[in-house]
Amino acid sequence: MKNWVIVFGGLLISSSFLEAKQIGAAEDLNWLTQAERFIEMKDPSIRKVALGALLMGLSCGLIGSYVVTRRLSLFGDTLSHAVLPGIAVGFIWAGEKDNFSLLIGAGIAGFAGVCCLSLLKKFTRIHEDSSLGIVLSAFYALGICLLTRIQKVGYTDQSGLDSFMFGQVSALSSNDINGLFITLLMISLFIVFNFRQLLVTGFDPQFSKSIGIPNDFLQFVLWMLIAFCVISSLQLVGVILVSAMLVIPAATASLLARRMKTYLVLSSLLGAGAGISGTFFSFLGKSLPAGPLIVLVSALLFLFILFLRPEKGILFCWLNTRSERSRIIVENTLKAAFQILEQKGFEENEITSLEIMKKRGLSRPEVEKEIQNLTTAGLATKNISPIDQVSLPSQTVMTLTPKGWEYACRMVRNHRLWELYLTNEAEYEPDHVHEDAEKIEHVLGEKTVRQIERLLQNPKTDPHGKLIPSITDIHQGNLPGAS
Amino acid sequence: MKHHDLPIEVHDLTVSYQKKPVLYGVDLEIEEGSFVGILGPNGAGKSTLIKTIMNIIKPNGGYVKIFGDSPKTGIKRIGYIPQKESVDWDFPVTVFDVVLMGRYGYHGWLSRIGKEDRNKASECLEQVNMLAYADRPIGNLSGGQQQRVFLARALAQESAVYLMDEPFAGVDAVTEKTIISILQEMKKAGKTLMVVHHDLASAKEYFDQLLLLNMRKVAYGSVSEVYTHELLQKTYGGKLAVLSEMATEVAKNADT
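Protein chains in written order, with the numbering used here: chain A, 1 to 483; chain B, 1 to 256.
Rather than coming from a laboratory, the hints here were simulated on the basis of the structure. Built from N, CA and C at the ideal position, the CB exists for glycine as well. Heads up, a few of these hints could be off.
[As the list claims (entries may be wrong)] Here are some chain A residues pointing at chain B (derived, C-beta under 7 Å):
#1 S118
#2 K122
#3 I126
#4 F195
#5 G202
#6 D204
#7 P205
#8 S210
#9 I211
#10 P214
#11 A257
#12 R259
#13 M260
[Unchecked claim] Listed below are the simulated SDA-like cross-link pairs for lysine to any residue, each with C-alpha atoms no more than 25 Å apart in a straight line:
#14 B:K58 <-> A:K261
#15 B:K20 <-> A:I126
#16 B:K115 <-> A:R325
#17 B:K72 <-> A:L218
#18 A:K209 <-> B:T73
#19 A:K261 <-> B:K115
#20 A:K312 <-> B:K58
#21 B:K76 <-> A:H127
#22 A:K447 <-> B:L141
#23 A:K121 <-> B:K58
#24 A:K121 <-> B:S16
#25 A:K359 <-> B:K115
#26 A:K209 <-> B:P137
#27 A:K122 <-> B:G105
#28 B:K51 <-> A:K312
#29 B:K58 <-> A:F193
#30 A:K312 <-> B:G170
#31 B:K58 <-> A:V397
#32 B:K76 <-> A:K312
#33 B:K19 <-> A:F193
#34 A:K209 <-> B:A247
#35 A:K261 <-> B:G105
#36 A:K209 <-> B:G143
#37 B:K58 <-> B:Y206
[Stated by the list, open to error] Facing chain B, according to a computed beta carbon distance under 10 Å, are these residues of chain A, among others:
#38 A112
#39 M224
#40 R258
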């Protein structure tokens with residue numbers, strides 16, 4: 001059943017590719033020329049758009065750093081939704097899509113939203129996230145009602161309103177660019193002159209009050225700047241998604257930055273990058289709205305860094321886990337080899353695959369694979385034994401190399417030393433220690449082993465009476481079986 | 001004739017939380033150079049006293065004076081280490097950044113942090129044995145290590161008075177030893193220290209003066225005067241519960 005789904009899905013996808021190819025063949029040339037046009041920046045409208053995207057990305061990244069580190073993301077979202085009724089009212093007032101009146105409307109609505117939040121906070125016991133939810137939904141609902149009304153009544157230019165919902169690059173005016181520039185300037189100046197104060201109020205508000213920093217005033221200015229950023233970005237990204245630009249670039253920066261200055265730089269670069277790439281793609285797609293594309297690029301950047309960041313990235317963790325697992329398997333086989341030889345009193349050198357199968361409880365193919373791994377790692381050599389009279393199938397026979405032997409001794413030593421330690425010092429029962437040692441033996445470092453040896457005064461046997469190989473013995477070849 | 005430059009002066013202080021009094025008519029005069037341990041049962045108002053002095057809580061009656069000034073301006077002269085920091089541990093700051101914050105009070109709005117400040121911050125980190133961690137993000141530390149960093153920040157403030165709210169709560173033995181030896185050094189340097197403490201036994205060893213608090217000031221004086229069976233019994237014995245109930249009634253009636 002699974003296979004049929006894959007085949008069917010594959011057919012669907014490839015057929016759509018084929019179709020797209022057909023249309024695309026003629027448009028391919030178009031895309032390339034479009035892309036060229038964009039990159040060359042000769043067209044003034046392209047320059048304007050790219051500039052707008054750059055400014056917006058920088059502003060959102062900068063102020064977004066404070067939104068994310070101070071957990072104001074929900075607030076940013078509320079603000080961007082609360083401006084909708086203001087836009088509708090501004091439209092009704094002006095009778096047409098006059099940018100200026102729309103923005104004034106948005107500003108007033110945003111301010112009203114913030115006032116409602118403050119009132120709820122001051123006079124009720126409603127929690128902040130609920131208040132935000134209330135204001136966001138109520139204002140947004142009002143906005144939708146007004147907008148639907150406008151559409152029903154049939155003003156001529158209301159298609160322009162859609163551009164406010166999702167952003168429309170082609171509708172960007174020089175007023176908008178000015179607005180973006182002023183916003184970026186204000187935000188940058190605020191951050192430069194208040195960097196310290198913002199740092200301490202964000203990290204430890206109580207402490208900052210005790211050294212005389214006006215927390216509430218700074219908070220208020222921050223809110224106003226967030227509002228300006230939202231309003232000035234509306235034309236490019238649209239109401240619905242502008243809050244994403246406050247959050248995603250900064251959240252991506254948080255994966256990489258340890259200090260605030262780095263955070264700010266990364267966040268603004270990511271914002272700018274997403275802005276320009278998004279508008280680039282929207283430009284290629286001709287009538288595709290810029291807002292969703294910009295946000296998509298930001299989200300992809302976030303995923304990219306989540307996977308690939310050094311140390312904690314998902315890719316690195318996965319690779320690490322895999323290599324850890326294979327190391328543990330190798331070590332367990334070596335230990336089994338030692339034990340098999342030990343059982344035979346160290347009189348023989350060779351271990352058959354059957355013996356390993358019994359010892360480790362694995363199947364033939366699994367054991368063959370393990371023997372191969374050891375051989376590749378230079379820890380063992382293998383042979384095929386001839387079929388003998390007892391009608392056993394031909395076996396793979398393994399001999400440990402000196403390196404493999406030393407490694408095996410070390411593993412056994414770790415295991416048995418740990419068992420002894422648990423029995424003697426931690427008062428474990430001898431029959432409980434084995435499972436614990438099975439896990440710990442792989443992670444005991446040399447330093448810890450020395451410590452334990454000293455603690456237990458260089459013991460020779462484990463709780464079951466078996467030999468504990470010591471490293472000096474191994475090096476000096478004092479152990480039986482050492483070649 | 002009262003001195004007007006006492007580090008901390010508290011007069012008839014009453015503080016309530018939701019109509020229930022937490023501190024009732026507390027009078028206190030702390031001399032310079034004192035090393036005071038504040039003791040009392042849970043809910044006795046120890047943290048509340050500290051927070052009221054630090055202007056975090058507003059009193060219902062009475063007043064607090066810091067070097068003769070009102071708390072609003074006076075708190076800038078106090079180094080305060082609160083109990084549970086209102087801190088955002090995920091904030092992108094390193095240990096050094098946090099200690100450097102102790103120097104912010106020495107600068108006006110636009111004045112820049114200089115080499116002097118950085119050296120002082122390093123010195124203070126060294127004093128609490130945390131210099132090796134200077135570049136670590138603040139979230140990557142154990143509870144005891146975090147406490148030491150906040151102590152270093154307070155040291156960097158170079159205040160004359162220090163208020164600490166249970167600095168030994170939940171810290172490991174090594175950190176406790178480090179903190180108490182630093183406090184003793186600070187005392188030798190002439191600082192005034194007030195420390196809310198939770199452990200009766202060690203209080204006798206650590207401090208020079210003791211303040212026994214259970215909604216009211218039960219006693220204040222040198223350890224030898226105050227650490228008596230009778231006074232401790234009075235503080236911890238639960239007999240002041242009646243006072244608490246009566247005071248609550250009075251507060252309720254005052255509204256009707």
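Do the hints match the structure? See the list:
no., hint, in the structure
1, S118, "20 Å, violated"
2, K122, "16 Å, violated"
3, I126, "18 Å, violated"
4, F195, "10 Å, violated"
5, G202, "6 Å, holds"
6, D204, "5 Å, holds"
7, P205, "6 Å, holds"
8, S210, "5 Å, holds"
9, I211, "4 Å, holds"
10, P214, "10 Å, violated"
11, A257, "6 Å, holds"
12, R259, "6 Å, holds"
13, M260, "5 Å, holds"
14, B:K58 <-> A:K261, "37 Å, violated"
15, B:K20 <-> A:I126, "23 Å, holds"
16, B:K115 <-> A:R325, "50 Å, violated"
17, B:K72 <-> A:L218, "18 Å, holds"
18, A:K209 <-> B:T73, "11 Å, holds"
19, A:K261 <-> B:K115, "19 Å, holds"
20, A:K312 <-> B:K58, "46 Å, violated"
21, B:K76 <-> A:H127, "32 Å, violated"
22, A:K447 <-> B:L141, "24 Å, holds"
23, A:K121 <-> B:K58, "19 Å, holds"
24, A:K121 <-> B:S16, "22 Å, holds"
25, A:K359 <-> B:K115, "66 Å, violated"
26, A:K209 <-> B:P137, "23 Å, holds"
27, A:K122 <-> B:G105, "30 Å, violated"
28, B:K51 <-> A:K312, "40 Å, violated"
29, B:K58 <-> A:F193, "32 Å, violated"
30, A:K312 <-> B:G170, "30 Å, violated"
31, B:K58 <-> A:V397, "83 Å, violated"
32, B:K76 <-> A:K312, "41 Å, violated"
33, B:K19 <-> A:F193, "43 Å, violated"
34, A:K209 <-> B:A247, "32 Å, violated"
35, A:K261 <-> B:G105, "21 Å, holds"
36, A:K209 <-> B:G143, "23 Å, holds"
37, B:K58 <-> B:Y206, "30 Å, violated"
38, A112, "29 Å, violated"
39, M224, "19 Å, violated"
40, R258, "5 Å, holds"
The earlier numbered hints that this structure contradicts are 1, 2, 3, 4, 10, 14, 16, 20, 21, 25, 27, 28, 29, 30, 31, 32, 33, 34, 37, 38 and 39.
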